[in-house]
Amino acid sequence: AQTVTQSQPEMSVQEAETVTLSCTYDTSESDYYLFWYKQPPSRQMILVIRQEAYKQQNATENRFSVNFQKAAKSFSLKISDSQLGDAAMYFCAYRRFYNTDKLIFGTGTRLQVFP
Amino acid sequence: GAVVSQHPSWVICKSGTSVKIECRSLDFQATTMFWYRQFPKQSLMLMATSNEGSKATYEQGVEKDKFLINHASLTLSTLTVTSAHPEDSSFYICSANYFGRAEAEQFFGPGTRLTVL
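Heads up: the sequence lines are chains A and B, in that order.
Take the first sequence: its position 58, counted from the start at 1, is 58 in this note's numbering, and no numbers get skipped.
Take the second sequence: its position 4, counted from the start at 1, is 1004 in this note's numbering, and no numbers get skipped.
Take these hints with a grain of salt, some might be off.
[What the hints assert, rightly or not] Derived EDC-like pairs: lysine to aspartate or glutamate, alpha-carbon spacing no greater than 20 angstroms straight-line: (1) B/K1020 with B/E1052; (2) B/K1055 with A/D101; (3) B/K1020 with B/D1088; (4) B/K1041 with A/D86; (5) B/K1020 with B/E1087; (6) B/K1064 with B/E1052; (7) B/K1041 with A/E10; (8) A/K55 with B/E1105; (9) B/K1014 with B/E1087; (10) B/K1020 with B/E1063; (11) A/K70 with A/E52; (12) B/K1014 with B/D1088.
Treat the hints as calculated values from the structure; they're not laboratory data.
Start from the sequences, fold in the hints, and give me the full structure.
Right, dumping it as structure tokens:
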């Protein structure tokens, strides 16, 4: 069975600084997707970034980038130039190749951003 | 595009009554919809996977007769909490995917807060 582990329950960062959130996963599949979702206080789940396992290049979306290490089954999220609006719960998620499959979420990391 | 709505956004009901929550994909057709439950400060727990025109697939430990799911069309799925009790109070979230786009991500609704008195 696939599992997703987020070992950092809480992280904090100062505004304009960089922070990295960790995520590891376990799977026997070769093709799959990994996601980082943000859940602000409104509780609306927002997709931050997506990585296809068959792509070696790390995904980037503006200030957000990932370090995808397939062999190590590691998928960390780096937030550069942190902003107050980045404060939220961040969930790492795994999904097998087809989007009819379910997402498997980690336990989440609460990110605080200090001015 | 890719908007998912949920109705109602919050509901308070008396113990023993049933509550229906709707999940709609507003601008796309969804092959599959998913229902999650989230307790405060916890992760999302998948309750069931709902496919249009077929029976939902429930996760282990989720009572099928308690949480009735109907996926009547490619844009609508409903979750009915039957004979609700205070322990059913939670935040319920649905998500939907794009029909015909195997690689696409799931899109989430804004959630429904259920409080059972």
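Going down the list of hints, with the structure as the test:
Our distance criterion of 20 angstroms between C-alpha atoms is met by B/K1020 and B/E1052, whose separation comes to about 18 angstroms. Only pairs whose Cα atoms come within 20 angstroms are accepted, and B/K1055 paired with A/D101 is accepted, the gap being roughly 15 angstroms. Between the alpha carbons of B/K1020 and B/D1088 the distance comes to roughly 13 angstroms, so the proposed pair stays at or under 20 angstroms and holds. Among the hinted pairs, B/K1041 with A/D86 is consistent with the structure: their alpha-carbon atoms are about 17 angstroms apart, no more than 20 angstroms.
A hinted pair counts as satisfied when its Cα atoms are at most 20 angstroms apart, and B/K1020 with B/E1087 qualifies at roughly 17 angstroms. The straight-line distance between the Cα atoms of B/K1064 and B/E1052 is roughly 17 angstroms, inside the 20 angstroms bound, and the hint therefore holds. Proposed proximity of B/K1041 and A/E10 is supported: the alpha carbons are some 11 angstroms apart, at most 20 angstroms. Between A/K55 and B/E1105 the alpha-carbon distance is near 16 angstroms, which keeps this suggested pair within the 20 angstroms criterion.
Only pairs whose Cα atoms come within 20 angstroms are accepted, and B/K1014 paired with B/E1087 is accepted, the gap being roughly 12 angstroms. Of the pairs offered as hints, the one joining B/K1020 and B/E1063 holds, with about 16 angstroms between alpha carbons and a cut-off of 20 angstroms not exceeded. For the suggested pair A/K70 and A/E52, the alpha carbons sit about 10 angstroms apart, so the restraint of at most 20 angstroms is met. Straight-line distance between C-alpha atoms of B/K1014 and B/D1088 comes to about 11 angstroms, which keeps the hinted pair within the 20 angstroms bound.
Of the numbered hints given earlier, the model fails none.
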